[in-house]
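Participant: Starting from the given sequences, assemble the full structure and let the hints guide the process.
Listed below, chain by chain, are the residues.
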Amino acid sequence: QKEVEQDPGPLSVPEGAIVSLNCTYSNSAFQYFMWYRQYSRKGPELLMYTYSSGNKEDGRFTAQVDKSSKYISLFIRDSQPSDSATYLCAMSGMAGGNKLTFGGGTRVLVKP
Amino acid sequence: KAGVTQTPRYLIKTRGQQVTLSCSPISGHRSVSWYQQTPGQGLQFLFEYFSETQRNKGNFPGRFSGRQFSNSRSEMNVSTLELGDSALYLCASSSGLADYNEQFFGPGTRLTVL
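Residue numbers (the working numbering), protein chains in the order written: chain H, 1 to 112; chain X, 1001 to 1114.
Hints may be right or wrong, so weigh each one.
Stated by the list, open to error - Part of the chain H face toward chain X, derived, beta carbon under 7 Å:
#1 44
#2 98
#3 102
#4 104
These are computed hints drawn from the structure, not numbers from a lab. Since the model is a prediction, treat every value here as computed from it, not as a measurement. Yeah, the Cβ is synthetic: ideal placement off N, Cα and C, and Gly gets one too.
Facilitator: Okay, here's the thing in structure tokens:
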């Protein structure tokens, strides 16, 4: 079983809908939680970063971390066709330095 | 500010050969991490270099090696290539100074092993 599990999708939604993405993990040492977006033929780019449990909002994006359940989520409000991409969750621990453990990624398609 | 650059962008090799990939980090960044991305295994951490020293290592065989130069540029080498080494190889740079450092990814080198 992988340390970080993520539904691969694809997830297809109409423009304007809320996109809901989530990951579960097994390593309780993870302290830093990130969401990356990756367009085709590009490297991942950081969307959101959260330390420990809690919520964080940035524009149309909201990240939630529930360490007690080992569950993280990303919500995208008012989705746009330009949000069509693969979304990857990633995690690291205090002693992990820059070692990120990624979920498998969820492919999202926002239809006009 | 220039981003992370990787060369070459595409590479085709045959089994048994070796390959060297290059990564130039963002100016001022001292940490370079390498990742392998495949459809089956996703993004997996290979290793991280900070100030010319390997600081972290993932679970890959010894055929995968790397180094970092004094200007923070990094190279990754894969010897005795196998078909399963076909992947997108990504490098990421960061300052490397804190417990959490935002990592900026390059566009990757797509390696095909025939």
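Participant: Could you run down the list of hints and mark each one as holding or not?
Facilitator: Right, here's what the structure says about each hint:
1. 44: holds (5 Å)
2. 98: holds (5 Å)
3. 102: It holds, given that the least Cβ distance between residue 102 of chain H and chain X is near 4 Å, below 7 Å.
4. 104: Holds: closest Cβ of chain X sits about 4 Å from residue 104 of chain H, inside 7 Å.
No hint from the list above goes unmet by this structure.
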